[in-house]
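S.K.: Below are the chains, spelled out letter by letter.
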Amino acid sequence: MPDQLLFAMEVTLNGLMAGVMYALVALGFVLIFKASGIFNYAQGVMALFAAMTLVGLQDGQVPFSHLINAIFGTDVHHFGWHLPAFVAIIGTVLVMVAFAWAVNQLILKHLVNQEPIILFMATIGLAYFLEGLGDMMWGSDIKKLDVGLPQGINLGIDETTFNWFGYGFFIDNLDIVATVIAALLVTGLVLFSQYTKQGRALRAVADDHQAALSVGISLRFIWVLVWAIAGFVALVAGIMWGTKSGVQFSLSLIALKALPVLMLGGFTSIPGAIVGGLIIGVGEKLFEFLIGPLVGGATENWFAYVLALVFLVFRPQGLFGEKIIERV
Amino acid sequence: MLYREAGDFKTSYADDNQTFPIRFDRWRYYAVLVIAFGIVPFIINDYWVSAVFLPFLIYAIAAIGLNILTGYCGQVSLGTGGFMAVGAYACYKLMTAFPDINIFFHVILAGGVTAGVGILFGLPSLRIKGFYLAVATLAAQFFLVWLFNRVPWFYNNSASGQISAPERTVFGIEVTGANTEAWASYLFCLVFVVILAWLARNLTRGTVGRKWMAIRDMDIAAEIIGVNPLTAKLSAFAVSSFFIGIAGALFFAVYLGAVEVGEVFGINKSFLVLFMVIIGGLGSIFGSFAGAAFLVLLPVLLKNILVGTLGWPTDLAAHLEFMIVGALIIIFLIAEPHGLAQLWRVAKEKLRLWPFPH
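Quick mapping for you: the protein sequence lines, in order, are chains A and B. Every letter in the first sequence is one number past the one before it in this note's numbering, and letter 2, counting from 1, is 2. Every letter in the second sequence is one number past the one before it in this note's numbering, and letter 64, counting from 1, is 64.
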């Protein structure tokens, strides 16, 4: 096989893996949008915040230590313990559930019946607040996240492909783990929403708020639930991205990439988020590989957005979105 | 007592159509102009100009521009930073290519170039609406910043990849470059602000503005009563980008002097201007000024209090600023979705009746 084609195949595979990562973030968006019609811009920052909290809990950092030191002139920074990853993850989940509850109590309760665009802007405000809060609690330095996921080149694939083609593919172990976890997560979500009482309630709310209310489903509880689930998805995405590139501010920008994924897949479709993620992942890697060198590189910064833009002009509701019907 | 319409009679249509129908408002407006042009230039120093006045004036232009698009025409845009970058780079290219022409015209032309780019990125708005459009404008933001970063022609192949403003004069007085006097750059920006605010005010209460508002309130209904969505939406994009382009040109040439595009015109700039518009009030020219003033003064104030008085480290103060801005956005959306401008309107209503409310 010619080298060029082999490279392209490797790039495509890596693109698929990257796409899974985007899809993980996009999943959180879709969940909240379906259940409450809120386009939650803060999803990316939630991933960042969850990852920061996880690292902080693991290392036994004192929350707000910088603030405490600045006000009282003390010098506290660590409790001096080291939690196992599993305990820290449970702690973080609890924090995200508390966060979901707080968001509903303090913000969404007061914004019922507002226009979607107002809610969208409120979540931008929330994103800013959460970003400041995260830095304030845990410090803004780049942190290393390690919950024991395998990392580095997968030697098995490297060897096998070398034997087949005479060229070893570079596939990161972490990406493979991410793919498996994403598959598990989606399966879990589907099972949850199909076979549990709360899951059915969730789908009912997504279908029609008024009708759901009239059969006795508590909207408030469902919203807390769905934000908590989105928080959990954010944590999973945060762990993946954080392990890959360190927990830092740019994590919330990676989450911006989930937006074109959503636009491609449609805001209301979970399979759409996955397929959209894969298309974006493969598309931008291939584009960078084939066209990138001709135009100066770093096309990954914008390719996803432009692709989504061009695509939407032809299909405004995305690949799997519900058809937009407008009435006067 | 002072704020009264009693005895303020209107005897012609021209009187009826005034921007400031109440005499007190009119005089206040003239007083502000006199203070801004006649008094402030004599008493300001470098610190005040660079920390407060220049950013306020320039952001006010950008906020008016975004307000036209988002507040009046209802098209949410997250590409403001990218369009400001277009203005800045257009201004730079024009300044270096035609050094003999007055910089005043360069800035205007830079606005024109940005308007063209704005129309181009506005085209999808005919098919894409709401959130989808907001996300689509991100394409403009990221693509434009990338373009100015990667194509050497835009920064004249300078080694650092930055653009820096050469020295230019207006009436023999320097307004750009390192040796500019504080008052000169202030006045230069002020002239633009006054002209553009006047223009925006009159556009938005005329035919064009009404078409924009019809589109904002419900585009299909607007179409049915005879508003052409193509021209209405694209004209909103064009006018908005024109304003934002001028703001970008001034931001680069007069305020900063040298610009690295990714840092200065990144996505955060888009959000900053959007926040100004939300906090100030969607669909209000006064609101754009109020929002710009608020978000320019807030960091200065916080920095002075936290870092200057309490002695906190700067990064901590920056985090707190994020939290406060975010919380304020939410509080405003909950308590007063129409922003500072609405507070001002309510205050005026109260003043009319004061001190005898019944």
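Read the hints as simulated data drawn from the structure, not as lab findings. Possibly wrong hints are sitting among the right ones.
Unchecked claim - From the structure, some residues in chain A lie toward chain B, with a derived Cβ separation under 10 Å: (1) F39; (2) A98; (3) W101; (4) L111; (5) G125; (6) Y128; (7) S140; (8) G246; (9) W302.
For glycine and all other residues, C-beta sits at the position ideal for the given N, C-alpha and C.
S.K.: None of the hints should be skipped; say for each whether it holds.
M.R.: Tested hints:
1. The criterion of a C-beta within 10 Å of any C-beta in chain B is met by A:F39, whose closest approach is roughly 5 Å, and the hint holds.
2. For A:A98, the interface hint is violated, since its Cβ never comes within 10 Å of a Cβ in chain B; the closest pair sits about 17 Å apart.
3. The closest approach between the C-beta of A:W101 and any C-beta of chain B is roughly 16 Å, which is over the 10 Å cut-off, so the hint fails.
4. Among the interface hints, the one on A:L111 holds; its C-beta lies about 6 Å from the nearest C-beta in chain B, closer than the 10 Å criterion.
5. The beta carbon of A:G125 comes within 3 Å of a beta carbon in chain B, closer than 10 Å, and the hint placing it at the interface holds.
6. Below 10 Å, beta-carbon pairs count as interface contacts, and A:Y128 has one with chain B at about 3 Å; its hint therefore holds.
7. Annotation: A:S140 was flagged as interfacial toward chain B, and the flag holds, the nearest CB pair being 6 Å apart, inside 10 Å.
8. Taking 10 Å as the C-beta contact cut-off toward chain B, the hint placing A:G246 at the interface is violated, the least distance being around 18 Å.
9. Evaluation of the A:W302 hint against chain B yields a held restraint, the C-beta minimum of about 4 Å falling below 10 Å.
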